[in-house]
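J.: Spelled out from the first residue to the last, the chains are:
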Amino acid sequence: MIKKIFFQLVFFNFLFVGKIFSAESGGMPQLNPEFWVSQIFWLTITFGILYIVLSKLILPKISSNLEQRKSQISDNIEAAEKQREVSESKLKEYDEIILKSKIEAKNIFNQAREKVIKDINKKKEILDKQINEEIDKAEDEINKLKKGAPEKITKIAIETSSELIQKLIGTEINNSSISAIVDDLSKKDRSKYYGN
Amino acid sequence: MAANPMSQFEVYRIGPEIKVGAFDISFTNASLFMVISSLAILIIFNLGSKKNSLLPNKLQLLTELSYNFVSKMIGDTAGSKARPYFAFIFSLFMFVLFCNMFGMIPYTFTVTSHIIVTFMLAVFIFIGVTIIGFIKHGFGYLKLFVPSGVPIVLLPLIIVIEIISYLSRPISLSVRLFANMMAGHTMMKVFGGFVISLGIVGGWLPLSFSVALTGLEILVAFLQAYVFAILTCIYLNDALNLHH
Numbered sequence: 000m001i002k003k004i005f006f007q008l009v010f011f012n013f014l015f016v017g018k019i020f021s022a023e024s025g026g027m028p029q030l031n032p033e034f035w036v037s038q039i040f041w042l043t044i045t046f047g048i049l050y051i052v053l054s055k056l057i058l059p060k061i062s063s064n065l066e067q068r069k070s071q072i073s074d075n076i077e078a079a080e081k082q083r084e085v086s087e088s089k090l091k092e093y094d095e096i097i098l099k100s101k102i103e104a105k106n107i108f109n110q111a112r113e114k115v116i117k118d119i120n121k122k123k124e125i126l127d128k129q130i131n132e133e134i135d136k137a138e139d140e141i142n143k144l145k146k147g148a149p150e151k152i153t154k155i156a157i158e159t160s161s162e163l164i165q166k167l168i169g170t171e172i173n174n175s176s177i178s179a180i181v182d183d184l185s186k187k188d189r190s191k192y193y194g195n
Numbered sequence: 000m001a002a003n004p005m006s007q008f009e010v011y012r013i014g015p016e017i018k019v020g021a022f023d024i025s026f027t028n029a030s031l032f033m034v035i036s037s038l039a040i041l042i043i044f045n046l047g048s049k050k051n052s053l054l055p056n057k058l059q060l061l062t063e064l065s066y067n068f069v070s071k072m073i074g075d076t077a078g079s080k081a082r083p084y085f086a087f088i089f090s091l092f093m094f095v096l097f098c099n100m101f102g103m104i105p106y107t108f109t110v111t112s113h114i115i116v117t118f119m120l121a122v123f124i125f126i127g128v129t130i131i132g133f134i135k136h137g138f139g140y141l142k143l144f145v146p147s148g149v150p151i152v153l154l155p156l157i158i159v160i161e162i163i164s165y166l167s168r169p170i171s172l173s174v175r176l177f178a179n180m181m182a183g184h185t186m187m188k189v190f191g192g193f194v195i196s197l198g199i200v201g202g203w204l205p206l207s208f209s210v211a212l213t214g215l216e217i218l219v220a221f222l223q224a225y226v227f228a229i230l231t232c233i234y235l236n237d238a239l240n241l242h243h
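As they're listed, the protein sequences go chains A and B. For the first sequence, position 25 matches number 24 in numbering that gives the first Met the number 0, and the numbering has no gaps at all. For the second sequence, position 89 matches number 88 in numbering that gives the first Met the number 0, and the numbering has no gaps at all.
Hints may contain errors.
[Stated by the list, open to error] Below, a sample of chain A positions facing chain B; criterion: calculated Cβ distance under 10 Å:
id, residue
1, Pro-32
2, Ile-141
3, Lys-145
[What the hints assert, rightly or not] Only some residues are given here: those of chain A computed to face chain B with a beta carbon under 10 Å:
id, residue
4, Gly-26
5, Asn-31
6, Phe-34
7, Ser-37
8, Thr-43
9, Ile-44
10, Leu-53
11, Leu-56
12, Leu-65
13, Ile-72
14, Ile-130
15, Thr-159
16, Ile-172
17, Ser-176
[To be verified] Each computed SDA-like pair below joins lysine to any residue, with the alpha-carbon atoms no more than 20 Å apart:
id, chain 1, residue 1, chain 2, residue 2
18, A, Lys-69, B, Phe-101
19, B, Lys-71, A, Ser-176
20, B, Lys-49, A, Pro-59
21, B, Lys-57, A, Glu-66
22, A, Lys-60, B, Gln-59
Just so you know, the hints here were simulated from the structure itself, not pulled from any lab data. Backbone N, C-alpha and C fix where the C-beta goes; we use that ideal spot for every residue, glycine too.
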């Protein structure tokens, strides 16, 4: 019923338009109902076949194609991600190895340095010891000389004074008496000559 | 007769007259272009979906792009509930698009420039959508005619307007497509006629206009197919997701 009313409505509407056109061109072929049934029939057939073939055969294929591609791409991306992770872990390993070897090298270097320093210190100690010994020896000698000096001087003084007396007086005097005098004198002036 | 801009819309019989009862269902030039359009769609989409390579060739890319295009159009306008009707809207869009595009080739017949064809499609959509609406919502589908938040005094008037607007959907849908195609093709024919009648001296202006018009008509051919499909989606959306 509604359909019929619409048909009439449309028809009426376009009759009006058609009249305007018909003034110069002889009407609209669209409004000639001669082939309407034929057009409806063939539209139903062609569109029906198109719909059936598309919906049953072609569209599912396209959709599965798209899905397949999507999954394939995502699979590939996943694989790439995995590979990336693997390579990253490898890189980390390498970094660790490099770090380790660096530390080792440092250790070796440090050890070597310590050893060298130790050696140097040892040698230095030995040298110090030797030097000290030498110094001690030299000091000993000096001390010995220092100690021996007054006696020698006294000896020299005794000899000189005995010779002096002999030349001056012409007589020989007992050395022991001179030495007693010199000893006495040197004891008296010891502090004046040696300062101690 | 060739100068008549309306003669391009004439339907004539190809081959013998076929009669079933009182009805004449002879094969005509309109039928021929329906068959050509459908066959072209089937061939292109069959070739495009035949093998699935990771890097699609041009035809495969074309089919997949149109698949995604229609899929996105339906998803945006009618939501995920419209998924079962994807195949119908896809074939509808492709059929209208191919009929429009084949009509752009000189000396061809534009199937969609005939009101009876577009009207049948629109009526089919209208009836189908109404049935879907009643199946999904029962008599609750009638709530479509009662917008919420309307004062009760205005309600009778609004309901009448809503019913009229609902019932006029198939007319607006079919006339939009038919009138666009007819007007465009008539205009191109008229300007083509001007080129001939003005000759080598004055024919350049209508010729350039005709060229521009051809571009415009190709755009319109696509756009009208798109509008036809998207309006179908919107009607379907009304039936599937009752918004009022």
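J.: Determine for every hint whether it applies to the structure shown.
T.: Verification of the supplied hints:
1. Pro-32: 8 Å, holds
2. Ile-141: With Cβ-Cβ at 103 Å, over 10 Å, it is violated.
3. Lys-145: 109 Å, violated
4. Gly-26: Holds: closest Cβ of chain B sits about 7 Å from A/Gly-26, inside 10 Å.
5. Asn-31: 8 Å, holds
6. Phe-34: 4 Å, holds
7. Ser-37: 5 Å, holds
8. Thr-43: A/Thr-43 check passes; min Cβ-Cβ to chain B is 8 Å, inside 10 Å.
9. Ile-44: OK, holds: A/Ile-44 within 10 Å of chain B, min 8 Å.
10. Leu-53: Holds. Min distance 5 Å.
11. Leu-56: Hint on A/Leu-56: holds, closest Cβ of chain B at ~8 Å, below 10 Å.
12. Leu-65: 6 Å, holds
13. Ile-72: 8 Å, holds
14. Ile-130: For A/Ile-130, the interface hint is violated, since the closest Cβ of chain B sits about 87 Å away, which is over 10 Å.
15. Thr-159: 127 Å, violated
16. Ile-172: 138 Å, violated
17. Ser-176: This interface hint is violated because 136 Å lies over the 10 Å limit.
18. A/Lys-69 - B/Phe-101: At roughly 34 Å apart (the allowed maximum being 20 Å), B/Phe-101 and A/Lys-69 break the hint.
19. B/Lys-71 - A/Ser-176: Violated, at roughly 145 Å.
20. B/Lys-49 - A/Pro-59: 12 Å, holds
21. B/Lys-57 - A/Glu-66: Measuring from Cα to Cα gives roughly 19 Å; hence the hint holds.
22. A/Lys-60 - B/Gln-59: Roughly 11 Å between the alpha carbons, so the hint for A/Lys-60 and B/Gln-59 holds.
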